[in-house]
Amino acid sequence: MSEPFNVVDHLLQLGFKTQTRLAQAANVSQSVAAYWKANNSIPDDRKRLIIAAAAAEGIEIYPDDFFEPELRRQGV
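With the working numbering, the residue at position 48 of the sequence shown is 48, and numbering never jumps.
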């Protein structure tokens, strides 16, 4: 059985690797990223920063990546 979806873990797997690096991309402290992980939620204004930072670092992250796989757009 697979682990439940966690948005922070998913972003780390896509390329940020550490909560610290993700936090830097979102212009917050690592403790804020840990809070996001615990609550499985990232504020919308920070998602934009994360997507932009990912693109600058060559990491492919899209808006759908912030949602559980079954909620993502299909066939696009």
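Derived from the structure by calculation, the hints contain no laboratory data. Worth double-checking, as some hints may not be accurate.
Unchecked claim - Cβ pair distances, simulated, as ranges:
(1) Asp-44 x Leu-14: 28 to 36 Å
(2) Ser-2 x Asn-27: 18 to 26 Å
(3) Arg-48 x Phe-5: 29 to 37 Å
As the list claims (entries may be wrong) - Restricting the straight-line Cα-Cα distance to at most 30 Å, the calculated cross-link-like pairs of lysine-lysine (DSSO-like) are:
(4) Lys-37 x Lys-47
(5) Lys-47 x Lys-17
(6) Lys-37 x Lys-17
Beta carbons: idealized from backbone N, C-alpha and C, even for Gly.
Of the numbered hints stated previously, which ones are contradicted by the structure, given in increasing order? 1, 2, 3
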